[in-house]
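Colleague: Construct the complete structure from the given sequences, taking the supplied hints into account.
Quick mapping for you: the protein sequence lines, in order, are chains W and Y.
Quick note: to get the working numbering, add 32 to the position in the first sequence (first position is 1).
Quick note: to get the working numbering, add 130 to the position in the second sequence (first position is 1).
All clues stand as given, with none of them false.
Partial selection, computed: residues in chain W whose CB lies under 8 Å from chain Y: (1) 59; (2) 143; (3) 153; (4) 154.
In case anyone wonders, no lab produced these hints; they're calculated from the structure.
Even glycine gets a Cβ: it sits at the ideal position worked out from N, Cα and C.
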Amino acid sequence: MIETIIVLYVLAGLDSMFSGICAASGRNALIEKRAYFARSMCYGFAWGQAACLLAFVILLGAAAIADDRQHAIDEMVSVGQRMAAVYSIYAAVVLFTFAVRAIPSVDVRSVTSVMGFGPLTLLRPAVIVVGLIWGLALMPSPVVATAATLIALMMIPFRVWLNLMIEIHGVEVLLPNQQASDGVE
Amino acid sequence: MNNDELLEISDLIVDYDVATLQRRPVDKGAVIEKLRAAGDLRAAHIVDAMPANHGVLDSDYIDRLLVRVHCEMQRLSEEFQHGRRVLELITPMLTALKNGGAPAPYRIVDIGSGTGFVIRWLAAHGNLGPDVQLIGVDLNHALMAEARRLAARERLACQFEVANAFALEQPATLFLSTGVVHHFRGEGLTEFFRQHDRANARAFAHFDFQPNLLARPGAWLFHYIRMREPLSQHDGVISARRAHSAATLLAAARQTSFTCAMYSTRVWNLPIPRVFHTLLGMRPELVPAFRDALGSRASRLEALQ
Chain W
33 MIETIIVLYV
43 LAGLDSMFSG
53 ICAASGRNAL
63 IEKRAYFARS
73 MCYGFAWGQA
83 ACLLAFVILL
93 GAAAIADDRQ
103 HAIDEMVSVG
113 QRMAAVYSIY
123 AAVVLFTFAV
133 RAIPSVDVRS
143 VTSVMGFGPL
153 TLLRPAVIVV
163 GLIWGLALMP
173 SPVVATAATL
183 IALMMIPFRV
193 WLNLMIEIHG
203 VEVLLPNQQA
213 SDGVE
Chain Y
131 MNNDELLEIS
141 DLIVDYDVAT
151 LQRRPVDKGA
161 VIEKLRAAGD
171 LRAAHIVDAM
181 PANHGVLDSD
191 YIDRLLVRVH
201 CEMQRLSEEF
211 QHGRRVLELI
221 TPMLTALKNG
231 GAPAPYRIVD
241 IGSGTGFVIR
251 WLAAHGNLGP
261 DVQLIGVDLN
271 HALMAEARRL
281 AARERLACQF
291 EVANAFALEQ
301 PATLFLSTGV
311 VHHFRGEGLT
321 EFFRQHDRAN
331 ARAFAHFDFQ
341 PNLLARPGAW
351 LFHYIRMREP
361 LSQHDGVISA
371 RRAHSAATLL
381 AAARQTSFTC
391 AMYSTRVWNL
401 PIPRVFHTLL
411 GMRPELVPAF
421 RDALGSRASR
431 LEALQ
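Modeller: Below, the structure written as structure tokens:
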């Protein structure tokens with residue numbers, strides 16, 4: 033069980049950090065933005081922690097209302113393993129694309145965008161759904177199925193949520209102090 | 131629909147007096163009507179949502195919107211390594227200018243530079259030397275003000291001017307543009323290149339979308355997943371659809387005294403089209419030095435004539 037929780041937590045952490053970069057992109061027109069993107073990853077990760085906490089609460093609630101608590105926990109682990117398997121493949125492809133992008137070639141980096149990051153961004157919601165369906169194919173009890181669905185549905189609009197939060201708080205939350213005081217957007 | 135009938139919102143919501151470069155008021159209703167007449171109801175809806183005062187589009191709102199749109203466009207330029215791509219081409223062009231006897235300083239002028247990403251990137255990373263001047267030119271005061279602010283913030287050695295690129299006090303040595311040439315249609319395209327001639331430029335490199343079967347779905351994919359402003363999404367896709375073919379660009383550019391060619395149209399010389407292709411032009415006497423300076427990249431150069 034612990035391994036499954038750790039794998040899912042790491043995957044959620046990676047997704048939230050990359051989501052932070054996506055939500056921050058296109059909002060800062062400076063040329064040098066390493067510190068900005070580092071902060072955007074932290075911003076996404078912080079909201080990811082909130083999402084993980086909410087997911088944990090949903091799972092606790094599901095276990096609490098289940099008729100057979102131990103059976104429900106076993107089902108959660110099984111469904112979680114299947115979801116993690118799908119999401120791990122996606123994460124591996126994303127990380128591989130990042131590794132290829134490290135090659136200092138204009139063409140290689142452009143190809144990683146056209147063939148990799150662009151389509152992968154589009155596919156992200158579908159991957160979450162596929163992982164959910166693969167997990168639910170185990171036919172868990174309704175309470176576990178509902179919990180898994182709620183968690184997956186929470187992750188699908190995570191990037192929309194981050195965009196909304198940046199709109200509300202202003203891009204200054206992502207800027208190093210000096211840039212924030214200068215007003216960079 | 132004929133590609134010449136497609137309209138970009140950003141072309142319609144601002145207007146300038148060509149002689150004075152002063153901003154002219156834009157009638158919101160007229161823009162909406164024009165878009166509806168072109169059958170683009172979505173674009174009409176986007177403009178309909180823009181604020182207006184007594185029927186005239188709110189110029190402050192439009193300026194802020196255009197700055198946001200250019201910021202989003204910069205994201206794609208960064209993702210597709212456009213700054214480095216430009217540098218890889220203008221470095222041999224500058225070498226050819228120097229070896230071909232063109233007098234310094236070499237003034238690189240980016241036409242329609244917007245918030246100046248290319249010029250600022252070159253200033254930050256180009257290491258082009260003290261005899262190269264980087265200038266961004268645009269008709270929009272707000273975009274130029276933003277470009278200047280961003281350049282000052284990073285202490286970049288470049289300048290931005292609200293001006294006609296072909297009527298600068300100190301004329302350009304080399305003209306650049308990105309995503310600009312498709313805005314010129316028909317005789318306007320030919321006239322655009324003739325102005326390069328009249329301005330006595332030594333060379334030019336214009337980057338724009340390359341029309342092919344994948345351009346439209348590709349543009350849709352990247353503009354809809356990467357951009358937030360409806361205007362960015364709409365105009366990005368329309369730009370790709372309006373892009374000129376290599377044949378059209380060359381036919382127009384070759385009505386000048388420049389020797390012209392397309393550069394870098396395929397990935398690694400495989401039958402895989404690049405997102406952007408580049409129209410290159412230079413004075414005939416610079417061609418041998420340019421070929422030498424290109425080195426192994428000479429294989430990307432198509433027939434120069």
